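Trainee: One-letter residues, chain by chain:
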Amino acid sequence: MTALVALEGVTFTYPGADRPALADVSLELASGDLLVVTGETGAGASTLLLVATGFAPRVVGGTLTGMRRIAARRCGVVFARPWTQLTGLCATVRDEIAFGPASQGLPRETIRAAAGRAMEGLRIAHLADREPARLSGGELQRVVVAAALAMEPEVLALDDPAAELDPEAADALYDVLPAVAAAGTAILVATPDLERAARVARRAVALAAGRIVARGAPAEVLGGTAVADIARAAGCPPPFPVDVPALLRRVRR
Amino acid sequence: MIGYLPGHSPLHRAHPYTTLAMAGALLLGAFALTQPLEVWLLVLAAATFAAVGGVLRASARTALVLSLPIWALLFVLHGMLGAEPRMMAGPFALSVPGIARALVLGGRVTAIVLGFLTALATVSPHRLVEAMTAGGVPFGRTFLLASTLTVLPRMRERAAQILEAQQCRGLRLGGSPFARLRALGPLALPLVLGALAEVDEQVLALDARGAASTARRTALDPPPDSRAQRALRGALLILVAVAYAWKFWRMRG
Numbered sequence: 003m004t005a006l007v008a009l010e011g012v013t014f015t016y017p018g019a020d021r022p023a024l025a026d027v028s029l030e031l032a033s034g035d036l037l038v039v040t041g042e043t044g045a046g047a048s049t050l051l052l053v054a055t056g057f058a059p060r061v062v063g064g065t066l067t068g069m070r071r072i073a074a075r076r077c078g079v080v081f082a083r084p085w086t087q088l089t090g091l092c093a094t095v096r097d098e099i100a101f102g103p104a105s106q107g108l109p110r111e112t113i114r115a116a117a118g119r120a121m122e123g124l125r126i127a128h129l130a131d132r133e134p135a136r137l138s139g140g141e142l143q144r145v146v147v148a149a150a151l152a153m154e155p156e157v158l159a160l161d162d163p164a165a166e167l168d169p170e171a172a173d174a175l176y177d178v179l180p181a182v183a184a185a186g187t188a189i190l191v192a193t194p195d196l197e198r199a200a201r202v203a204r205r206a207v208a209l210a211a212g213r214i215v216a217r218g219a220p221a222e223v224l225g226g227t228a229v230a231d232i233a234r235a236a237g238c239p240p241p242f243p244v245d246v247p248a249l250l251r252r253v254r255r
Numbered sequence: 246m247i248g249y250l251p252g253h254s255p256l257h258r259a260h261p262y263t264t265l266a267m268a269g270a271l272l273l274g275a276f277a278l279t280q281p282l283e284v285w286l287l288v289l290a291a292a293t294f295a296a297v298g299g300v301l302r303a304s305a306r307t308a309l310v311l312s313l314p315i316w317a318l319l320f321v322l323h324g325m326l327g328a329e330p331r332m333m334a335g336p337f338a339l340s341v342p343g344i345a346r347a348l349v350l351g352g353r354v355t356a357i358v359l360g361f362l363t364a365l366a367t368v369s370p371h372r373l374v375e376a377m378t379a380g381g382v383p384f385g386r387t388f389l390l391a392s393t394l395t396v397l398p399r400m401r402e403r404a405a406q407i408l409e410a411q412q413c414r415g416l417r418l419g420g421s422p423f424a425r426l427r428a429l430g431p432l433a434l435p436l437v438l439g440a441l442a443e444v445d446e447q448v449l450a451l452d453a454r455g456a457a458s459t460a461r462r463t464a465l466d467p468p469p470d471s472r473a474q475r476a477l478r479g480a481l482l483i484l485v486a487v488a489y490a491w492k493f494w495r496m497r498g
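For the record, the sequence lines run as chains P and Z. Just so we're aligned, residue 3 is where the first sequence starts under my numbering, counting upward by one. Just so we're aligned, residue 246 is where the second sequence starts under my numbering, counting upward by one.
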């Protein structure tokens, strides 16, 4: 299968930074992939998303060395803070979601259909006529994800997408991702929410100081914590809980 | 009040270009007219404009607050320090040509501010974007204008949130003018820094949604225009041209 994104020995440095945010990173992303990127704060997970989707250095500046090939024609990106991703120009959620397809100059019917599908997929059709600025953080984040999906991206990068969501809404968001990936979109998720990530991811990479330190199946990569070791030793089936609250929830179940 | 106020007045229903043309005519007319009576007729026209939009009270109040310091300055600068002859007004010996000049300049400022606030209050940024998109205006220009119209309400909303947060942390807003001035620091700093910190994400989010696309955007719901409105805009243009022609004719005379 042809890779939509291929990185080989990529190093990226932000403007003015004295050390690279990503160093010698190699990665391939194909249609239908659902790859989780994790690491401590500052490890470079968010930067990897920007580099893989072409926004760095094109939009954020900086220098990139190594080989990067992006075959995907459309890349979407969603950040943790949904209010920064609103256009501020749309009176309704429907228009906000239709903004991306409208930018592509598609016919109105196509735009409305794409927006409708995205709203259905994220279960926010009931919000269609609401004013985006009046939504809760959780509703807004789903609107932002729907807005990205309405553009039918071949690669979708989600940077800690559940940071502003309550547990139920976070579950709902992660539950949608496998279906989106199954439809052919390659998804990259940077998140510290390892339990939910492990539930949906097909592959995972762990970053430390901008370098990939582990890659493979989610249970192998994301389960590399002491809590996961305890769960593994106790005979818990994968994916292993990676922190104490997750372990307690699993034990209670 | 600075910002859009939803409503159903004729100005709210009019094509955004028509309302903006009226505000523009007030602005240009203010500089074309040179006599106190003419300028104050223009102020009356601005007040009528606001009344038609159903925002007279709100716009006039804000216009008064914004114009009063300028009025005070003009009174001192021209009325008290102006040229001879002088007339006595209570304890003050006021310059007659200075007062006439202050009336013209103050009237201009009042008419412009009132017209601008009325346009802000009655032109929905969303409808303006749709109108400009339908007219084939590049998105960059549309965004620049629309975000200028919405920046003040957004900043005010954010300032209110920061103020609440700072009050929860013990910030006192009352007291002497000096204490109030000191309280501005904890408000202004997070307001400005927060806005700057979010700019990067906003740029990325807009870019990801095709804002930089070279394709001609599709207008989803362009506001209806009419022959009568186009004629009115043409008439305003002619009126402004006549006013300037009259001004220059009088200057030659």
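Keep in mind the hints are simulated off the structure, nothing from the lab. Treat the hints loosely; a few may be bogus.
Stated by the list, open to error - So the derived list for chain Z, only partly shown, Cβ under 8 Å to chain P, looks like this: (1) Arg-386; (2) Leu-390; (3) Thr-393; (4) Thr-395.
What the hints assert, rightly or not - Label pairs and their computed distance ranges (CB to CB): (5) Z:Arg-258 <-> P:Glu-10: 26 to 32 Å; (6) P:Gly-118 <-> Z:Val-382: 57 to 63 Å; (7) P:Ala-185 <-> Z:Arg-425: 54 to 60 Å; (8) P:Asp-177 <-> Z:Leu-389: 37 to 43 Å; (9) Z:Arg-306 <-> P:Thr-112: 42 to 48 Å; (10) P:Gly-11 <-> Z:Leu-426: 40 to 46 Å; (11) P:Asp-177 <-> Z:Gln-474: 47 to 53 Å; (12) Z:Leu-482 <-> P:Thr-4: 54 to 60 Å; (13) P:Gly-11 <-> Z:Thr-393: 40 to 46 Å.
What the hints assert, rightly or not - Far from chain Z, some chain P residues (derived; all Cβ distances over 10 Å): (14) Asp-20; (15) Gln-106; (16) Ala-171; (17) Glu-197; (18) Arg-204; (19) Arg-217; (20) Val-229; (21) Pro-239; (22) Val-246.
Here the structure is a predicted model, which means the values were calculated and not measured. Glycine included, each C-beta is placed from N, C-alpha and C at the ideal position.
Trainee: All the hints need checking, so say for each whether the structure fits it.
Mentor: We went through each hint and held it up to the structure:
no.: 1; hint: Arg-386; result: violated (13 Å)
no.: 2; hint: Leu-390; result: violated (10 Å)
no.: 3; hint: Thr-393; result: violated (11 Å)
no.: 4; hint: Thr-395; result: holds (6 Å)
no.: 5; hint: Z:Arg-258 <-> P:Glu-10: 26 to 32 Å; result: violated (58 Å)
no.: 6; hint: P:Gly-118 <-> Z:Val-382: 57 to 63 Å; result: violated (27 Å)
no.: 7; hint: P:Ala-185 <-> Z:Arg-425: 54 to 60 Å; result: holds (57 Å)
no.: 8; hint: P:Asp-177 <-> Z:Leu-389: 37 to 43 Å; result: holds (40 Å)
no.: 9; hint: Z:Arg-306 <-> P:Thr-112: 42 to 48 Å; result: holds (46 Å)
no.: 10; hint: P:Gly-11 <-> Z:Leu-426: 40 to 46 Å; result: violated (56 Å)
no.: 11; hint: P:Asp-177 <-> Z:Gln-474: 47 to 53 Å; result: holds (49 Å)
no.: 12; hint: Z:Leu-482 <-> P:Thr-4: 54 to 60 Å; result: holds (57 Å)
no.: 13; hint: P:Gly-11 <-> Z:Thr-393: 40 to 46 Å; result: holds (44 Å)
no.: 14; hint: Asp-20; result: holds (19 Å)
no.: 15; hint: Gln-106; result: violated (5 Å)
no.: 16; hint: Ala-171; result: holds (20 Å)
no.: 17; hint: Glu-197; result: holds (26 Å)
no.: 18; hint: Arg-204; result: holds (23 Å)
no.: 19; hint: Arg-217; result: holds (26 Å)
no.: 20; hint: Val-229; result: holds (32 Å)
no.: 21; hint: Pro-239; result: holds (38 Å)
no.: 22; hint: Val-246; result: holds (31 Å)
Taken one by one, the earlier hints fail for this structure at numbers 1, 2, 3, 5, 6, 10 and 15, listed in ascending order.
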